[in-house]
Each structure stands twice: as structure tokens, then as C-alpha cells.
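Same order as they appear, the protein sequences are chains A, B and C. Position 234 of the first sequence, counted from 1, bears residue number 234 in our numbering, the numbering being contiguous throughout. In our numbering, each number is its position in the second sequence, counted from 1, plus 1000. In our numbering, each number is its position in the third sequence, counted from 1, plus 2000.
Any given hint could turn out to be false.
[Unchecked claim] Only part of the chain A face toward chain C is listed, based on derived beta-carbon distances under 8 Å:
(1) Thr19
(2) Gln54
(3) Lys56
(4) Asn97
(5) Asn134
(6) Thr152
(7) Leu153
[Stated by the list, open to error] The calculated lysine-lysine pairs, modelled on BS3-like cross-linking and capped at a C-alpha distance of 25 Å, are:
(8) Lys2494/C <-> Lys2540/C
(9) Lys2429/C <-> Lys2540/C
(10) Lys2540/C <-> Lys2199/C
(11) Lys2429/C <-> Lys2494/C
(12) Lys56/A <-> Lys1121/B
(13) Lys2199/C <-> Lys1125/B
(14) Lys232/A <-> Lys1151/B
(15) Lys1151/B <-> Lys56/A
Simulated from the structure, these hints should not be mistaken for lab results. For glycine and all other residues, C-beta sits at the position ideal for the given N, C-alpha and C.
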Amino acid sequence: MAQAAITTENHGVEHHEETSTGLGHRKLLMWSFLGSECMFFGSLIATYLVYRNQSKVGPWPEEIIDVPLTTVSTFVLLMSSLAMVLALNYTQRNRPNLARFWILMTAALGSGFLGFQAFEFTEFFHEGLTPRINLFGTTFFVLTGFHGAHVTLGVIWLLVMSGTITPKGMGAVSLLATLLAFYLGMVGVLGMVDVIPDIEGSPSVIIFIVGVASTVIAGVWHFSMKTTMSVKHQAENLEITGLYWHFVDIVWIVIFTVVYLVSAGDGPHLSEGLLNG
Amino acid sequence: MTTEESGTEQQRPNFLRRWLWHGDYRYLVIPTTYAEEPEPEGESPFGRAPATWKRKWWDWTSGDHSTVFFYIVIGSILSVITLSEYWIFTTDLQQVWVNSSLFALSAIKFFMVVAFFMHLKFDNKWFTYLFGAAFFLAIAIFLSLLALLDKLNG
Amino acid sequence: MAQEAVISKFPNPFPRPKGYSGIWSWITTVDHKRIGTMYGMTAFMFFLVGGIEALIMRLQLARADNDLVSPEVFNQLFTMHGTTMIFLVVMPLSAAFFNWMIPLLIGARDVAFPRLNAFSYWTFLAGGLLMNLGFAFNSAPNAGWFGYANLTEGAYSLGNNTDFWVIGLQVLGIASLAAAFNFLVTIINMRAPGMSFMKMPVFVWMALIVQILLVLAFPVITVALIELQFDRLYLTNFFNPDAGGEPVYWQHMFWLFGHPEVYILILPAMGIVSEVLPVFSRKPLFGYPFVVFAGASIAFMGFFVWSHHMFTTGLGPAATSAFALSTMAIAVPTGIKIFNWIGTVWGGQVRLNSAMLFSLAFVALFIVGGLSGVTHASPPTDAQQQDTYYIVAHFHYVLFGGSLFGLFSGVYYWWPKITGKYLSEKLGKVHFWLMFIGMNLTFFPMHWLGLDGMPRRIFTYSADSGWERTNEWVTVGAFIIALSIVVFIVNFFKTSRSGEVAGADPWDARTLEWSIPSPVPVYNFVNIPQVETLDDWWAKKYPETVAHEESHDSDTEQVAPAGAEDLQPLVPKVSPEERLGEDHGIHLPDGSYYPLIAGFGLAFFGGSLMSAWWLTLIAGLVMFYGTLGWIFEPVNDPEDHH
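Could you build the full structure based on these sequences and the hints that come with them?
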């Protein structure tokens, strides 16, 4: 019987008898949204490339960009994609606790990526690269910043999803607690990079520590909760979350190549094209 | 569970297919009606996969670890590509070769994530049409914009 | 079950409202017909606003060296006239028809995401109000509807004028995108059984193409607006030449969006005309697949012609030639459509009522506008015409003579379906002829003015230029258009009180929406129809003509079949009590407050970026609350949930 189940034709995809194509409305919506996002990030990346090597003053990419560090953060985001696909796998197999473990792991790896980005932004600020200083700063921060905003939205979404796979009655409470923890963590990170001008120095460190601590506590609390609820009805929702998450990952694959690997050597001496320089 | 037994009985032409294909000569199948039974105590994050790997590590094609292992293989390939991207970045090859191979590798990563992690390879063709049309239109538009502004071969 | 347990714990102070009457039932509605009506009413209000702006401009230009308005106010007027007419009139009027007609034409009970639909409407309304809020602070947008950088940069556009434009447009873009995803999924996924793509009405096809254009073109303007907004608010360098930024790059981004946008404006009207002409010619649409594929290829090619708006910026000979060629090529599918429309009317039993007149005028005026468009596909000619009234004449022929005539045709055509009453034919014809004459009197002389060198966007001109007499006539024409709109409003109020009651199928039409009662019951279809052919309702009424159509015998199908009245029992008779659907066991989603909260929260958030940070924080929380409440709002009926 299990064999029959494995070899069913449905490929783990919910079949919607009532629609013309047999596909769920929301999944179709997500795929067309991702098509739209191709144009969104395409425009941002095109802007970066059009303005590549057009800065009048430094700091230049060759002085600023740290490729080994970003390789690690790219790896972290890649692993979060792996965690995401495992989370979906276990949701489709109706294993709530494993599913929640991997959802939270995805969120944690995503937050780790955001941490790398916050660290990187802080370093760049200290080295004198700001969005206002030159065209490289402008295009770099807006492109990677909008990607980071997408990751942040994805992390919040994952936390909401994990909140729906918690033991009965705990969902709303743990969701709100985790969101609060995540929010504190983000405020701390933003405070660290001096984006919030009113919070400087030690207070932001305290908020950062509180944020990290409360995130850890919320995470441990989450992991300790075991449930026997059925999560099959969440499979399509999580699949849609996953599509968004993987898309954010593939956008980063392109950004990593275009902004970091290809342009890392850009400087005042260079004014060449995309392929030969 | 009869899964493992019957899975291995199927005829499998080569090693690669055993990794990526299922018994019925189809790609990865994600079951929805698989585990109605309660979750075992003290299970690993990879489900029952490690236990079955120990028993039959050479059999990738059956039981619930097949998909887990499949994803781990894809993830590993992606990681290896990322590392080799870094290695290419550090070499002293001509820029045009470095950049071309970097774009090629990132394209491979892109399509692997889309095909396997986003399940586009296994899913309904509608999604491929929707996303593919938008993606290639975006590529065409922005390449023509960059060509128009003389940014491709400066 | 477990999910319900989780969800019921989530704080939900606003339960889903259930009533179907009273003001709150409209505010919280998720019914596509009511949202369509609200879209239409709001867009018509903005149409009056934009029209009044145009009239003030025409009064100013009627005399040489006039000083009715200051140059500053004139800038605000032409900017807001353009922005309003494009984003707050033609697009939402099209959206009104999409809302009303897509589900009816494809045999569905609602759109795919009813609450997202409501969100689109409220976001559109809030964005439109935000954009016009500038007038209250005496800082309405004043840099043209295209917002060319670096004129719009902080250093050159002081005050909040351009901020209202940037942020208002951003909010409107989100509204359009949300609606576009909704209709896209609706058309792909909710067609009645048997309705394959090549059996869809042409209006639905054009709607599908428009949604694809919206989905792909709007992200580009979103990014361009983000960049401009960052330049203005956070002093970045995207379009700042001092730091190496290129103002021309704004033009590229804007027209990358802007050219698909003109097809977003015209294709819905083309769809309406493709529905109206066959009905009032009693013939099927001539060359249906050609009309469909011409629309699709217009959309695709529309992405690769953007630079013809920028020939005079100096793109280089190769690029200029390429874009000139692609621009001329796009006239080919447009021409195919025009021949198909003419072929549809040719030899038909033409009924010249208001809807048909507007459609025929659409074809005629669109030819004029299309031909003048081809003239400035040629770069040398374009260099002469750039920034003159010739361009103004061209795009008013395609947008006013085209889009708006098509949309009014749709108003007269679908009015009996929407309200259950006819609009008065007599007043309708007065409306049509006044508008037709006024339109030509207004915009045709602009060709001469333009070729004579009168620039666009000037607030006045000197008496010795020799333009005064022509401008007087143009102003007279504008007021004739205004008069025609007054006639339409009179028609609206008169027929809403004492209009002639229309039956379910007053025009003896071809498509599914005429198979259900007028006005449409809240659930649309008692039984979802089974579709067999293109123009399925016609085929069900007159099966004998379909056989002839298949044998390509075009003479017999013009013969009005006898006994058409006998077919009336096909239309279900529904009493007003039954309209809510309870008797048929049809469950529809209840209303919701959250789209309203999220939509206005979004506009509030955008607007607050111009003011204090704590306002932004509050607005962000409102938006977040609206979204979260939306997500966790319980479904009224678990069976409905998909």
C-alpha cells in the first residue's frame, strides 16, 4: 500500500478538481508573482550594471568587497534553501515536528544571512561607503538592501508558518512571541549598523543581545514543543512559502555573481564591459 | 514496510538513475499519503533516513530517505559549484574566461534550484510557462537595454 | 481541525460581516460586481476632475498671452491631467469592466481572490486620493506625467510636489499589480468547463494580455520610482549627473514601462469593441484567432519599442534604426485587428445604436491616431514633431478617440446587464455625436498647431505666433466634449429613475453573461455553464447557425432565426428574494474589513514617508495589522476555501 502511495501520479501536488487547469489558485498566483519579481530584480540588477564603473569618487569595489565572507553567506542562504525543501518534504509526509524543525532551521539560516548582510553593511559604512557617497554605493545598497528586505519578509513568513504548526492553542502565543523576538533582533541589528540614528553605541548592543537571546529562547521553546496534529492541509501553503524563499535564493545567486564575483575588481582604472572586465 | 524491498526489485539500468529516478522510471515523486502512522520517538532531523542508510546505504531509491537524500545531493552539488565559483574568482585566467564561466556556473545553479528545489521539473507545465516566459522576457529586455547603452563589451 | 484551533485563538476583533445591504456591506464587500461598480464610479469621479483640469488649461490657452492661471498652476494642471486620465481613469475604468465582466464572460461566480480584489480597489482609491492630496497643500505634482529626471530630482523640484507623484504612483502600481495577479489567475483557472483558451471571448483574451503586461511592466516603474524616491528622500545618486548618474536612464526605465502601459490602456477597449461589433452586426467576429494573436504580438512587441519615445536623446544610428523598425512593425498586428473589425461589420445586419456608434467611432478614430503614430516612428519626422502639439493630437486620438470611446461603448453595451435597465438611446446618441464632434474639433487642429511648431506644456504663447484662432476652436471643442459628458450624466440619472427595463438578453448577444438575469444575481450562475463553442450562448440559442458557421456558409448566418423568443425560458427567472443565493445552496465569501485596512494603511505608509518617522511607524503597524488579520481571518465556510 505504501508502494502504491509512493508511485501515485500526483507528485505531491494537491489536485484542484474545481479549477480549469487543476492547479491551486494561490500557487498559480505565486508563480506569476515570481515572474513579476524577475522584472523587479532585473530592473535593479540592470541599474547596477548600467552604473558599473561610473562612480566619480571612491570607495571602489576593489577596496570594499569581501568575496570570501560573501561566499560563506551565499552558502548559508543556499543551505536555507535545502532546509526549506526538507521542511516541505516533511510537511507533505505529514510529520509536523520535523516540518517545524526545518521551517525554523530555514528561518534561522535566513536570519544568519541577514546577520552577514548587517555585518557587511556596517563594515562598508565604517570604510566610508554609504548610499550617498557615489554611484557604486547607491546601486549596491539599494540592490542588496531590497534583496535583504525580501529575505526579511520571507523570515517573518516562515515564522508565521511555524506558528501554525504548534500544539493546539499555542499557535498565536508562540507566533507573537517569536515575531517579537525577531523584531527585537532586527532592531538590534539595525541599531548596530547605525541605521537608526537615535540608538547609538551601547543601547543598541543591549537591544541586539536581548534580541538574540529572545530569539534563541523562542527557538528552543519552539523546538521543545511536540505535536501530533496533521499538517497535510499546510502542504500547499508551505510550498508557496518555499517558492518565494527559493526565488529569493536564486536572486542572490545572480547578485553574488554579478555584484561580487564579476565586479569585485572594479576600480578607477577599469571601464570595461560585462563579459571582458 | 515493503517499500524498500519492492523498490529494489525494480530493474534499474544505471547508477545515476538509481539516484535520481524512482522505481517506475519517473523522476522524484513526493508522496502525500505516505505517513499516516505516528512519528517515531527520538527521530533524527532527517526522519528515518539515517537509520535506513546504515542498513542499505547503497539503495537510494526507496523509503522516505530517497527524497531527503536527493535534496542533499542537489544541495551538495550547489555548494560545490559555489566553491568552484570562488576558486575561479581567485585564478589568474583571462577576465573574459573568468566572467563567462562564472555566468555559466551561476546559470547552472539558478536552473538547478528552480528545477529541483522549486519542483519546476516535476510540476505542472503551466508554472514553467508562466515563470519561463517572464524570466526570458526579462533577460531579453535587460540585455537589449545593456547593449543599447554599450555596457556589454565596453 | 487543528488549524481551526490555532486560528480561532488569533485575536480577530472584526468578524466577517455578513449583510448584503447598507453602506457597510459596500465598504466590506468582496463581490466582484460591487467592486466593479465602485471602480467605475470612482474612476468616473476622477474623470470629471481630470476633465475640469483640461478645461482650465484650454481656457488658459484660448487666448494668446492669457493669465488665467500662473505657470506654476499650469504645470500642476497638465501633470495631474495626464496622470489622472491614465492611472485614475482609463486603467480603473478598464478594471471596472474586468471586475464586472471577466467572471461573467468565463462563467465563474467570482474572481479567484475576492479579498485581494477589494484590496486592489481600496488601494487604488487611497492612492488616487493621496496623489490629489497635493492640491490641498498647494503642492500637486508639477513635473509631467513622465516625471523626467533630473527635473524631478530634489535639487530642481523643491517642495513635496514630486513626492506626491512618486508615492501616489507607487501605491497605484501596487493596486494595479494586485488586481493583475487576481485577474490573471481568474482567467487561467476559473473558466467554465469546456471553455478552452480559443473559446474565450476576445474581451477576456485582451484582459489576459493586459494582465500579463501589467505583471511584467509595472515592476520596472516600481524600481524607477524607488530610485527616484531614494534620490529625493535619501539623497542617493541614481539620476544625479554630478555623481555620474544619467538622467537619460530614467527615460529608459520610464518608457520600458511606459510603452507597454499604452497597450495596457488600449487593449481593454479593443476587447470591448471586439465584443460589441459582432453583436450589433449579427455576425461572428471576423478572424477570431487573428484578433487574438494580433493582441498577443502587440503585447510582446510592445516591450521592444520603448526607445521611440527618446529618439531625440541621441541613441546612435544603429539603435535608432532598430527601434524605428520595431515601431513600424507593431503597426502590422494593429492593422490586422482593424481589418478584422471592418470585416466583422461588412455585410452584417448593422444596428446603429449608441454602443455600436461608439465602437465604430473607435475604429475610425483609432485609425487616425494610429497613422499619426506611424509618422513619428520615423526618427527624422519625430525629431520635428517631438514635444509639439502634434504628439498631443496623436495620443489623444488613440487614448480619447480610442480607449475612452471603446470604454463608453462598453458602458452602453453592458449597462442593461449591470443595472437591468437600458440607458436612453436618444440621449446616448446626443452624447455620442457631441463627443465625436467635440473630440475631433479639439484634437484634429492640434495636428496643425504641432506641425506649425507650437510646443507642448507651455502655459501661454505670444499673439504674433498665429496660433490664437486655432486654439480658440480647440477650446470650443473641449467644451463640447464637456457638454457631452453632462448629457451622459443626465442620461445616467434619468434612466436610473425611469429607465426602460431590459431583459436578460436585450441585444440578442453572443456570450455567457447574457444567459443570466439582468441585473445579475449575487452568485452570477445558478449552474456553471458547460461551454462547447466560441460564442456559446449564441450557439445554444441558434444551434442551426453554428452548423453553418462550421461549413463556412457565411450567407445564411445573417438570417435572423425565427422563434428567438421561444428561447427565453433558457434564462432562469429569479425573484429578488432568491438573489442572495440561499435557495440554491450557493455559498459566497462574506465581506471583510481587512482589505480596507491594508489598502489605506499602505497609502498612509507611503504618504507618511514625506513626514515624521513615527507616523511611518504607526502606518507600518496599521498595514502589518491589516495583512496579518487578513491572513488569519477565518473563512466563513470551509467548503468555499480555495
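> What hints, given by number in increasing order, does this structure fail?
Replying inline: 4, 6, 7, 8, 9, 12, 14
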